[in-house]
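Here my numbering is used: the first residue of the sequence shown is 250, the next is one more, and so on.
Treat the hints as calculated values from the structure; they're not laboratory data. Source: prediction; values computed, not measured. Be careful, since some hints might not be right.
Below, a list of computed lysine to aspartate or glutamate pairs in the DMTMM-like style, where the Cα atoms sit at most 25 Å apart [to be verified]:
{"hint": "1", "residue 1": "Lys-406", "residue 2": "Glu-442"}
{"hint": "2", "residue 1": "Lys-465", "residue 2": "Glu-488"}
{"hint": "3", "residue 1": "Lys-465", "residue 2": "Asp-397"}
{"hint": "4", "residue 1": "Lys-406", "residue 2": "Glu-252"}
{"hint": "5", "residue 1": "Lys-406", "residue 2": "Asp-277"}
{"hint": "6", "residue 1": "Lys-465", "residue 2": "Glu-518"}
{"hint": "7", "residue 1": "Lys-489", "residue 2": "Glu-376"}
{"hint": "8", "residue 1": "Lys-406", "residue 2": "Glu-455"}
{"hint": "9", "residue 1": "Lys-406", "residue 2": "Glu-490"}
{"hint": "10", "residue 1": "Lys-489", "residue 2": "Glu-515"}
{"hint": "11", "residue 1": "Lys-406", "residue 2": "Asp-477"}
{"hint": "12", "residue 1": "Lys-406", "residue 2": "Asp-316"}
{"hint": "13", "residue 1": "Lys-465", "residue 2": "Glu-295"}
{"hint": "14", "residue 1": "Lys-465", "residue 2": "Asp-507"}
{"hint": "15", "residue 1": "Lys-465", "residue 2": "Asp-484"}
{"hint": "16", "residue 1": "Lys-406", "residue 2": "Asp-387"}
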Amino acid sequence: MLEEPPIRVGLVGTGFVARWRSQALERDPRAQLVAVAGRTWESACEFAQTWEAVPCPSWQHLVEREDLDLVVISSLNHQRAAIAQAALEQQKHVVAEYPLALNPAQAQALLALANQQQRLLHIAHIELLGGLHQAFLDYLPHLGGVSDVRYCTINPKHPAPRRWTYSLEQFGFPLIGALSRLHRLVSVFGQVESVTAQARIWPGAESDYYRACLCKAQLRFTSGVFADVIYGKGDRFTEKEHLLEARGVGGLLHLTPDGGQLRQGEQHEAIAVGSRRGLFAQDMQRVLDYLCQGRPLYLDPRQSLYTLSVAEAVRQAASQDGSVRLGDGDGFE
250 MLEEPPIRVG LVGTGFVARW RSQALERDPR AQLVAVAGRT WESACEFAQT
300 WEAVPCPSWQ HLVEREDLDL VVISSLNHQR AAIAQAALEQ QKHVVAEYPL
350 ALNPAQAQAL LALANQQQRL LHIAHIELLG GLHQAFLDYL PHLGGVSDVR
400 YCTINPKHPA PRRWTYSLEQ FGFPLIGALS RLHRLVSVFG QVESVTAQAR
450 IWPGAESDYY RACLCKAQLR FTSGVFADVI YGKGDRFTEK EHLLEARGVG
500 GLLHLTPDGG QLRQGEQHEA IAVGSRRGLF AQDMQRVLDY LCQGRPLYLD
550 PRQSLYTLSV AEAVRQAASQ DGSVRLGDGD GFE
């Protein structure tokens with residue numbers, strides 16, 4: 250059933266992602282930002298004033314409002330599942346950043362609830378909309394069959410920030426909280442057969458926050474492709490790195506957000522990589538296209554939930570310093 254615009258939106262979150270969501274809603278006449286909830290009453294009031302919305306004392310109050318059609322969840326990772334459940338129970342459509350939950354079972358329960366309530370549950374994976382991913386898709390066929398992939402993102406921070414993204418409780422295991430690092434590859438290469446992993450956390454002066462983390466995972470896809478994923482952040486690193494490489498019989502594909510090369514013997518072809526700007530607006534536009542016109546979305550939530558099961562296998566592999574096989578029951582769609 251299609252919704253009549255304007256879609257009345259409640260937003261949970263007041264950080265930079267929430268600001269980008271609000272900008273997208275402001276520019277689309279099919280939506281209206283009605284209410285906002287933040288981590289504190291003060292942050293909700295300040296944010297709501299900027300975007301001419303009503304501040305709510307908590308996300309619980311927001312999801313209970315009868316004048317909302319859609320709840321957009323741009324909150325801390327560990328809160329997301331509870332907010333999504335409450336919103337769905339109140340017959341609201343839901344848009345959530347990744348990961349939907351910090352464990353696969355909880356995420357599966359939320360998808361079942363959305364289906365039961367006949368409401369949209371969209372998990373935003375804006376990495377699939379950006380120029381880096383499009384260049385990756387466009388040039389992979391030139392490799393004549395991929396044998397192995399390396400995806401490395403290192404983000405130095407000096408000093409390490411005392412914020413939720415440096416908390417295992419609030420952010421989750423590194424490659425669960427940063428689920429896009431796995432999903433970029435899973436969306437292309439499909440089902441994963443097994444994973445091995447190592448992870449290290451450097452504790453901070455306060456027990457709730459760490460100084461740095463490094464997580465390395467090797468994925469073996471059922472297609473035979475091997476992938477190495479490296480994710481690190483904090484004060485143990487000095488050089489920033491964002492590199493995506495794929496190797497095949499036809500050459501080497503080397504990509505960064507600033508550009509890339511296709512290397513085939515002595516021939517090196519320069520690759521332009523599109524901008525990362527406006528991705529939240531694109532995601533929001535596609536959600537409204539779906540709700541108002543019934544146009545298909547770019548992502549089935551089951552795909553994100555499958556990647557979450559892969560990330561959980563990575564967490565288990567790192568904790569036991571061994572290999573974890575993914576069964577057929579994990580269900581790649």
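Need the status of pair Lys-406, Asp-316: alpha-carbon distance at most 25 Å? Violated: Lys-406 and Asp-316 sit about 42 Å apart, past 25 Å.
Lys-465 and Asp-484 were given as a pair; does the straight-line alpha-carbon distance stay at or below 25 Å? holds, 17 Å
Is the straight-line distance between the alpha-carbon of Lys-489 and that of Glu-376 25 Å or less? This hinted pair holds, its Cα atoms lying about 19 Å apart.
Straight-line Cα separation of Lys-406 and Glu-455 no greater than 25 Å? Distance of about 17 Å is within 25 Å: holds.
Restraint check for Lys-465 with Asp-507, where alpha carbons must lie at most 25 Å apart: Distance ~24 Å between Lys-465 and Asp-507 Cα, so the pair holds.
For Lys-465 and Glu-295, compute the direct alpha-carbon distance and say whether it is at most 25 Å. With a Cα-Cα distance of about 40 Å, the restraint between Lys-465 and Glu-295 is violated, given a limit of 25 Å.
Pairwise hint evaluation, Asp-387 against Lys-406, where the allowed Cα distance is 25 Å at most: violated, 33 Å
Given the hint that Lys-406 pairs with Glu-490, test it: the Cα-Cα distance must not exceed 25 Å. holds, 13 Å
Would the hint linking Lys-465 and Glu-488 be met if the CA-CA limit is 25 Å? Holds: Lys-465 and Glu-488 sit about 17 Å apart, inside 25 Å.
25 Å limit on alpha-carbon distance, applied to hinted pair Lys-489 and Glu-515: Outside the cut-off at roughly 28 Å; violated.
Please work out if Lys-406 and Asp-477 have their alpha carbons no farther apart than 25 Å. Roughly 23 Å separates the two Cα atoms, so the pair holds.
Assess, step by step, whether the Cα of Lys-406 is no farther than 25 Å from the Cα of Glu-252, and give holds or violated. violated, 44 Å
Going down the numbered hints, you'll see the structure goes against 1, 4, 5, 6, 10, 12, 13, 16, while the others check out.
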